[in-house]
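The listed protein sequences correspond, in order, to chains U and H.
Per UniProt numbering, the very first residue in the first sequence carries number 1; after that it's consecutive.
Per UniProt numbering, the very first residue in the second sequence carries number 1; after that it's consecutive.
A portion of the hints provided could be inaccurate.
Copies of the same chain are indistinguishable here, so a pair counts whether it falls within one copy or spans any two.
To be verified - When the alpha-carbon atoms are kept at most 20 Å apart in a straight line, the in silico SDA-like pairs for lysine to any residue are as follows:
1. Lys-143 x Trp-22
2. Lys-115 x Thr-39
3. Lys-115 x Tyr-160
4. Lys-25 x Gln-106
5. Lys-115 x His-127
6. Lys-70 x Arg-162
7. Lys-137 x Gln-106
8. Lys-25 x Ala-59
9. Lys-143 x Asn-55
Derived from the structure by calculation, the hints contain no laboratory data.
Number of protein chains: 2
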Amino acid sequence: MERIIIDMDEVMSDTMGGMIEWYEKEHGLPIDYNRMLGTGWVKGFPEHHQEMIWNRLLAPGFFRDLPVMKDAVDVIRELNNRYEVFIVSAATEFPNSLKEKLEWLQDNFPFLTWKQVVLCGDKRLIHGDYMIDDHVKNLMHFKGKPYIFTTPHNLNVTEYERLNSWEDAAKIFLV
Amino acid sequence: MERIIIDMDEVMSDTMGGMIEWYEKEHGLPIDYNRMLGTGWVKGFPEHHQEMIWNRLLAPGFFRDLPVMKDAVDVIRELNNRYEVFIVSAATEFPNSLKEKLEWLQDNFPFLTWKQVVLCGDKRLIHGDYMIDDHVKNLMHFKGKPYIFTTPHNLNVTEYERLNSWEDAAKIFLV
Chain U
1 MERIIIDMDE VMSDTMGGMI EWYEKEHGLP IDYNRMLGTG WVKGFPEHHQ
51 EMIWNRLLAP GFFRDLPVMK DAVDVIRELN NRYEVFIVSA ATEFPNSLKE
101 KLEWLQDNFP FLTWKQVVLC GDKRLIHGDY MIDDHVKNLM HFKGKPYIFT
151 TPHNLNVTEY ERLNSWEDAA KIFLV
Chain H
1 MERIIIDMDE VMSDTMGGMI EWYEKEHGLP IDYNRMLGTG WVKGFPEHHQ
51 EMIWNRLLAP GFFRDLPVMK DAVDVIRELN NRYEVFIVSA ATEFPNSLKE
101 KLEWLQDNFP FLTWKQVVLC GDKRLIHGDY MIDDHVKNLM HFKGKPYIFT
151 TPHNLNVTEY ERLNSWEDAA KIFLV
């Protein structure tokens, strides 16, 4: 069975969307999508609020109730029937996220088990046949076939095959 | 730089020792080392207390203050200077252990960073040059050179090169 490595934030969960919702409620300021390009979505928030965004990422609760990406549940359920699926999240930077990410998966993807979850700091030691991730830093060391999952911060990346949605993933992996 | 994958429970931390200390204080019953052989240390506790031991593993707090294995700090500090060290623990079965394991590492091995930690359910997707682990189930799929770290439950294993202590590890990796 071929192995697919799937990222969580910005791929399964709408982490940026969860932060924007909270931020605009608190501050009403618009975020700047251009500032994200080539770095990460955190940089889209105003410079003087970077520390506050970071603190929110570190605080208990943030990762527990994030919205699920459209079609992710249906497509990953079917992938799980046909492939060896592992969910690999660079999460050890955020100690409070660890248990919350497991609980979030259990709530939204109950067909996945704890055996399929990897919470790490660096994905270089993860091997598989396919990787779906929004970050070049994770895809660039991968020995299998990498796919970049589209999100505002990676719109200028051209060197990877792109999945614009989970519907796109279904067209490639579930034909 | 060569990569060493190091397990936590029964290798860096004296997890069984921590449980025995708690158990004998609570129940005063002796544990049976023979029953562990070929399975795992949990089986050394009486059959009618298996569920209680399991609940203790799942409860908050258990993993936070475990004793550190003799010489582990000094040897791993030096390994960390000469190798790419990753700490890989099969921990997602115990959601309350995740943050505690990070904190325990920070307290006892402050020279390691969150980037070097992997908390997972299955080590088959982890690649490296060397693996130090107490479980055959983790070593058997490893593509690099495996070493079994001696602990009562694996005394009957003969198919792997054995490290009886961190001093043994120093003799192999730090010559």
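Going down the list of hints, with the structure as the test:
Taking the shortest alpha-carbon separations for Lys-143 and Trp-22, neither the intra-copy value of 37 Å nor the inter-copy value of 45 Å comes in at or below 20 Å. In this assembly of identical chains, the alpha carbons of Lys-115 and Thr-39 lie at most 20 Å apart only when taken from different copies (18 Å versus 31 Å within one copy). Taking the shortest alpha-carbon separations for Lys-115 and Tyr-160, neither the intra-copy value of 29 Å nor the inter-copy value of 24 Å comes in at or below 20 Å. For the identical chains of this complex, Lys-25 and Gln-106 are neighbours neither inside a copy (28 Å) nor across copies (35 Å), given an alpha-carbon limit of 20 Å.
Taking the shortest Cα distances, Lys-115 and His-127 sit within 20 Å of each other both inside one copy (16 Å) and across copies (17 Å). Taking the closest pair of Cα atoms, Lys-70 and Arg-162 come within 20 Å of each other only inside a single copy of the chain (16 Å); across copies the shortest separation is 49 Å, beyond that limit. Taking the closest pair of Cα atoms, Lys-137 and Gln-106 never come within 20 Å of each other, the shortest separation being 27 Å inside a single copy and 25 Å across copies. Within a single copy, Lys-25 and Ala-59 get their C-alpha atoms as close as 17 Å, which meets the 20 Å cut-off; across copies the closest is 36 Å, which misses it.
Taking the shortest alpha-carbon separations for Lys-143 and Asn-55, neither the intra-copy value of 34 Å nor the inter-copy value of 39 Å comes in at or below 20 Å.
Consistency note: the structure conflicts with the earlier hints numbered 1, 3, 4, 7, 9.
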